[in-house]
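Same order as they appear, the protein sequences are chains A and B. At position 299 of the first sequence the residue is numbered 299 (this note's numbering), and the sequence of numbers has no breaks. At position 281 of the second sequence the residue is numbered 281 (this note's numbering), and the sequence of numbers has no breaks.
If you are wondering where the hints come from, they were derived from the structure by calculation, not from laboratory data. Glycine included, C-beta positions come from ideal geometry on N, C-alpha and C. Not one of these hints is a red herring.
Pairwise CB distance ranges, derived in the manner of DEER restraints:
{"hint": "1", "chain 1": "B", "residue 1": "A150", "chain 2": "A", "residue 2": "E36", "range": "22 to 30 Å"}
{"hint": "2", "chain 1": "B", "residue 1": "D214", "chain 2": "A", "residue 2": "G171", "range": "50 to 58 Å"}
{"hint": "3", "chain 1": "B", "residue 1": "K120", "chain 2": "A", "residue 2": "I247", "range": "30 to 38 Å"}
{"hint": "4", "chain 1": "B", "residue 1": "N264", "chain 2": "A", "residue 2": "H143", "range": "52 to 60 Å"}
{"hint": "5", "chain 1": "B", "residue 1": "K71", "chain 2": "A", "residue 2": "G264", "range": "53 to 61 Å"}
{"hint": "6", "chain 1": "A", "residue 1": "M110", "chain 2": "B", "residue 2": "T198", "range": "36 to 44 Å"}
{"hint": "7", "chain 1": "A", "residue 1": "S173", "chain 2": "B", "residue 2": "I266", "range": "54 to 62 Å"}
Derived, one-sided and incomplete: chain B residues facing chain A with beta-carbon distance under 10 Å:
{"hint": "8", "residue": "P72"}
{"hint": "9", "residue": "H119"}
{"hint": "10", "residue": "S128"}
{"hint": "11", "residue": "T129"}
{"hint": "12", "residue": "G130"}
{"hint": "13", "residue": "S131"}
{"hint": "14", "residue": "G141"}
{"hint": "15", "residue": "M142"}
{"hint": "16", "residue": "A143"}
{"hint": "17", "residue": "L144"}
{"hint": "18", "residue": "T155"}
{"hint": "19", "residue": "S172"}
{"hint": "20", "residue": "Q175"}
{"hint": "21", "residue": "A176"}
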Amino acid sequence: MRDAFARVLEEEMAQNRRIVLITGDLGFGVLRRIHERFPDRLINAGIAEQGMVSMAAGLASTGRTVLVYSIGNFPVLRPLEQIRNDCVYHKVDVKIVCVGGGFVYGSLGMSHHATEDMAIMRAIPEMICYTPGDPAETEAVTHDMIWRRGTCYLRLGRGGEPKVHEGPVKGWSFPKAITLRGGKDIAILSCGGILTQAVEAAERLAEKGISARVVSFPCLKPLDGDMVRELLGSFRKIITVEEHTIIGGFGGAVCEMAAETGSGCRVKRIGLDDCFTTVVGDRQYLREVYGMDGKAIAEKAEAFLKE
Amino acid sequence: MENYEALVHSGFEGKPDVRDPKTLAWLIRRNGLEMTHLSRGSHIGSVLSVAEIIAVLYTSVLNVDPKEPNKPDRDRLILSKGHAGSAVYAALAETGFFPVEQLKTHYANGSILSGHVSHKGVPGVEVSTGSLGHGLGVGVGMALGAKMDAATWRTYVVLGDGECDEGSVWESALQAAQYRLSRLIAVVDYNHMQSLTTVEDTLKLEPFEQKWKDFGWNAVSVDGHDTEALQKAFAWAKDNAGSRKPSVILAHTVKGKGISFMENNILWHYRTPQGEEYDAALKELEAIRP
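Full structure from sequences and hints, please.
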């Protein structure tokens with residue numbers, strides 16, 4: 001995802017001289033080509049995220065689109081007030097890019113587990129939140145984000161992730177959810193890089209004769225309400241999956257809509273419970289420990305259907 | 001209130017000369033007193049300390065035009081100590097950006113003139129602040145944008161001394177020096193008091209001038225109530241464009257300046273002037289009318 005993002009950004013920067021990238025002293029390898037091609041438009045803010053985001057707001061006010069790049073919680077939690085007050089409130093074209101949403105930096109420990117960012121970013125009024133599920137979705141939403149006015153948040157995974165979509169996502173329009181697989185017994189709604197696990201869960205369920213629809217939401221906010229309402233109307237049970245706390249993020253957003261529509265469809269949220277991680281490990285290991293890998297999702301879906 | 005403007009301008013023959021920094025500073029004090037009185041608002045002490053700084057900026061320094069508040073080559077002013085917002089509102093209204101009459105709505109239900117300075121719907125205000133430690137960073141971004149465009153306009157940021165407790169101020173100070181933003185000019189309203197007690201007894205800033213120099217800035221200290229000294233300091237800061245460093249003016253001021261019982265009295269960070277205190281304050285201001 002990280003590489004797809006960098007590729008699209010490089011392409012857009014070549015077309016538009018008013019695009020500037022600010023990094024919080026990270027992204028050495030990923031941003032190398034951008035640094036070589038556009039040295040005047042790649043600014044290193046140092047390890048100073050609050051100053052970085054305020055600076056981005058001021059720079060954007062001079063008629064620029066400014067992307068702010070860092071990893072995990074760094075571009076979100078530390079400069080949260082700068083995002084809210086200086087960027088979103090002033091309606092400037094600042095794009096906050098987080099590489100390493102969820103357990104991407106799993107071995108590095110709790111500080112590097114970005115597991116509340118979606119809930120927090122979603123709560124800011126007028127904030128747009130992109131949550132692509134694979135490199136193809138990343139390409140589509142990055143183009144959209146760069147051309148969209150206002151402050152946006154982009155939550156990426158890392159480099160070298162498997163593709164879920166076979167080719168590019170063609171004809172995607174903001175903020176549409178994408179059905180990857182048809183099904184009639186249960187729907188698995190996925191948000192972000194956990195998409196591979198949602199698809200694997202559907203495959204496992206199919207082996208047991210359970211037909212699961214898989215829908216990816218590359219945009220958390222605004223949420224594709226038409227799709228959510230359609231799913232709530234078509235299924236008796238749906239599952240939400242996110243590499244994130246189950247409080248206030250994607251599952252929370254779907255539940256808010258479910259409660260308001262009163263469809264009678266039950267929602268089960270899969271993600272991190274109200275706890276900090278207590279062990280470290282690679283991304284897939286932590287997904288297994290915290291019950292959000294493909295196998296665990298399939299088992300939870302099966303049990304949920306029996307309830 | 002029948003006519004707010006007539007009230008604050010009473011005693012002047014005709015319209016006050018708002019091009020004169022001493023007159024504008026007095027009007028900032030007079031409006032600040034009236035606005036905090038009417039609204040039962042706070043922060044009058046900070047408004048009184050920053051009055052000359054804001055007055056000199058609007059009379060002698062800033063390239064801004066009330067008829068075209070968004071002209072592209074205007075200088076940008078950010079009031080980072082947003083709680084002194086009524087000083088900027090008063091300066092803008094008195095210099096023609098919006099009607100003086102509108103100042104009476106400050107703090108009121110439904111008003112756009114919030115207690116901390118706000119840009120939404122208020123001509124001449126660039127940035128909304130209120131939470132301290134944001135303005136210098138936004139100013140760094142503006143000055144960087146101007147530099148990238150090879151534009152000649154400048155960015156001015158007015159900070160509080162207590163505000164310099166915020167770590168973000170020093171992140172932005174490092175960044176401004178790193179990017180050689182010589183058209184970024186900061187002014188600290190150094191009134192030596194903050195919310196609960198003195199700066200000295202809270203988090204010491206001294207040696208303050210040296211700190212800024214150590215962070216890579218040109219720095220100078222002046223009497224922040226002396227309009228001629230402030231004019232000279234701004235001229236010095238503008239002349240520093242070739243130094244490839246940002247510049248800061250440490251303007252030594254007195255919190256509550258101009259009203260004896262408010263001067264250096266921490267009470268007036270929050271207290272609102274009412275009753276006999278309002279009358280006494282008004283009388284003192286009348287005595288120093290230019």
